[in-house]
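For reference, the chains in residue letters:
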Amino acid sequence: MKNDQTLGEILRQQGISRRGFLKFCVATASLLALPPGMVPAIAAALEKARRPSVIWLSFQECTGCTESLTRSDAASIEDLIFNTISLDYHHTLQAASGTGAEDARESAMKENWGKYVLVVDGSIPTGNPGYSTIAGISNVEMLMEAAAGAAAIVAVGSCASFGGIPHASPNPTGAVSVTDLISDKPIVNVPGCPPIPVVIAGVLTHFLTFGIPELDELHRPLAFYGKSIHDRCYRRPFYDKGLFAESFDDEGAKKGWCLYKLGCKGPTTYNACATTKWNQGTSFPIQSGHPCLGCSQPDFWDAGGFYHALSIPTEDTARTVLYGAATGVAAGLALGGLNRARKAHAARKHEKVTINDLEKGG
Amino acid sequence: MTETEFLLWVRGPAFQIATAIFVVGIIVRILEILILGRKPNLAEARGSAVAGGFRTIITRTWPDSGTFKRSGFTLIAGYVFHTGLFVTILLFAPHILVIDEVLGIGWPALPTPVVDATAVITIIALVVVLLHRIKDPVLRFLSRFQDYFVWFLTILPVITGYVAFHRIGLPPPTLIAIHILSVELLMIAFPFTKLAHAFTLFISRWYNGAIAGYRGVNS
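So the sequence lines, in the order shown, correspond to chains B and A. Take the first sequence: its letters are residues 1 to 362, numbered as in the numbering used here. Take the second sequence: its letters are residues 363 to 581, numbered as in the numbering used here.
Keep in mind that a hint or two might mislead.
What the hints assert, rightly or not - Simulated crosslink set (SDA-like; lysine to any residue; CA at most 25 angstroms straight-line):
| # | chain 1 | residue 1 | chain 2 | residue 2 |
| --- | --- | --- | --- | --- |
| 1 | B | 343 | A | 403 |
| 2 | A | 401 | B | 340 |
| 3 | B | 255 | A | 470 |
| 4 | A | 401 | B | 350 |
| 5 | B | 254 | A | 469 |
These aren't lab readings, by the way, just hints derived from the structure by calculation.
Generate the whole structure from the sequences, applying the supplied hints.
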């Protein structure tokens with residue numbers, strides 16, 4: 001495939017019908033919460049879009065994000081969109097390695113300087129450059145070099161977006177996110193552990209058609225991260241009615257009641273899981289009976305335990321109450337004794353005033 | 363400090379400090395009152411002090427018609443916000459979860475829309491009570507800084523809770539952290555201000571009733 005072909009041409013070559021293409025545009029418009037009138041605009045923009053060069057850098061990560069994006073089982077138009085971006089460098093997916101691979105990255109950067117999309121997954125260690133290197137180049141150095149010529153950066157997954165698991169306490173590698181290091185480029189965070197495949201497709205489609213999508217304060221596209229899991233959860237009516245599963249196998253759990261008491265982070269988690277779901281819209285964690293871990297939020301790993309509700313104290317408060325009560329009783333008895341002594345002292349010092357004293361005074 | 367670190371600090375060390383101050387403070391205040399005691403009444407008893415004490419604890423819960431006529435507004439507004447606080451604090455699922463975690467006891471929650479509406483009514487009632495305090499010349503004359511301060515400490519958790527529940531303005535973890543922090547401020551001030559009436563009111567009712575009961579008088 002040549003880089004100068006438009007997306008429309010490539011899709012037609014691959015046997016995608018106009019009808020199929022438009023269906024994808026309609027789905028994308030609704031995903032992005034755009035009015036139906038925008039469908040022709042999306043179609044027209046996608047038709048004319050050139051294959052953008054994409055350079056994918058993987059740092060301190062588990063490859064789960066790449067797995068998520070490449071394992072959407074049925075061949076969908078999203079896949080084709082992925083096939084039609086020019087993924088010029090992705091060291092996990094590409095056959096080449098070592099110097100050959102690095103040469104490919106450098107030549108892709110040079111050819112498309114200022115125009116390519118830089119996708120990053122994984123956090124970047126700042127503790128010691130040797131903690132994570134690719135072909136002898138430290139992660140920080142590679143990121144800074146590639147970011148300099150990028151049109152935009154997409155941080156895929158919670159590690160690249162917020163530091164993720166490598167950033168979890170005590171953060172031995174000094175892991176940081178892309179936004180911690182770069183502030184002079186448009187950055188789109190697509191957090192999640194891993195992120196939903198259709199979300200990354202949606203973000204790329206938006207980038208191809210209308211540029212950088214509207215973002216929240218954490219640089220997440222509002223179209224996908226604008227609503228909390230809680231607000232879109234099909235179990236929400238049970239929360240509102242006060243019907244909760246108390247354990248994973250009680251009557252409430254079997255009836256599909258709210259998982260808040262089992263530690264669900266839905267109320268504070270912003271992601272599209274409850275609407276787009278996973279595995280071609282089959283299900284999502286809460287639907288399968290597990291509380292939301294809050295994986296698309298910063299520091300979700302350190303938020304006080306997956307199975308503890310967000311409202312409850314993290315330390316042993318019962319012990320504090322017990323010790324406090326013992327201290328209170330001791331202090332109260334001591335102060336009470338002092339007060340009594342003062343009272344008795346005052347009573348002893350009290351001098352009675354007689355009528356004679358008053359007459360003398362007058 | 364990130365929003366998660368803030369939330370963890372508020373749920374961790376800050377909550378422990380607030381709990382310790384609250385528990386120690388309340389127990390010290392109550393013991394001080396009880397140990398100080400009252401002067402022995404040397405007159406012959408004309409009735410039971412114990413019966414009078416218990417009776418008054420119960421009867422003072424409901425105002426007599428004279429009081430109602432004189433200050434009906436204060437009574438109604440007072441009942442509304444106290445009932446509202448009771449419902450929002452003790453019958454909201456996440457709050458029951460905290461109590462269950464700390465004390466090991468729990469009970470069923472009210473539906474959240476009911477608690478939500480109650481919170482709004484409570485906020486309105488508290489604002490009305492403040493306006494009344496400012497407008498009424500006698501109340502205004504009697505009010506000190508502490509009266510306004512404890513009003514502020516009381517309404518703050520209701521407002522921050524309402525905002526956190528509806529997730530208005532800030533990231534949700536920050537909103538929850540601010541809400542918990544406002545409750546911790548209330549807990550710290552509780553034993554050392556007029557807020558302590560939540561614990562001492564039954565003691566004072568008891569004393570009033572017992573004194574009257576001893577004299578054979580209904581109170």
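Which numbered hints fail: none
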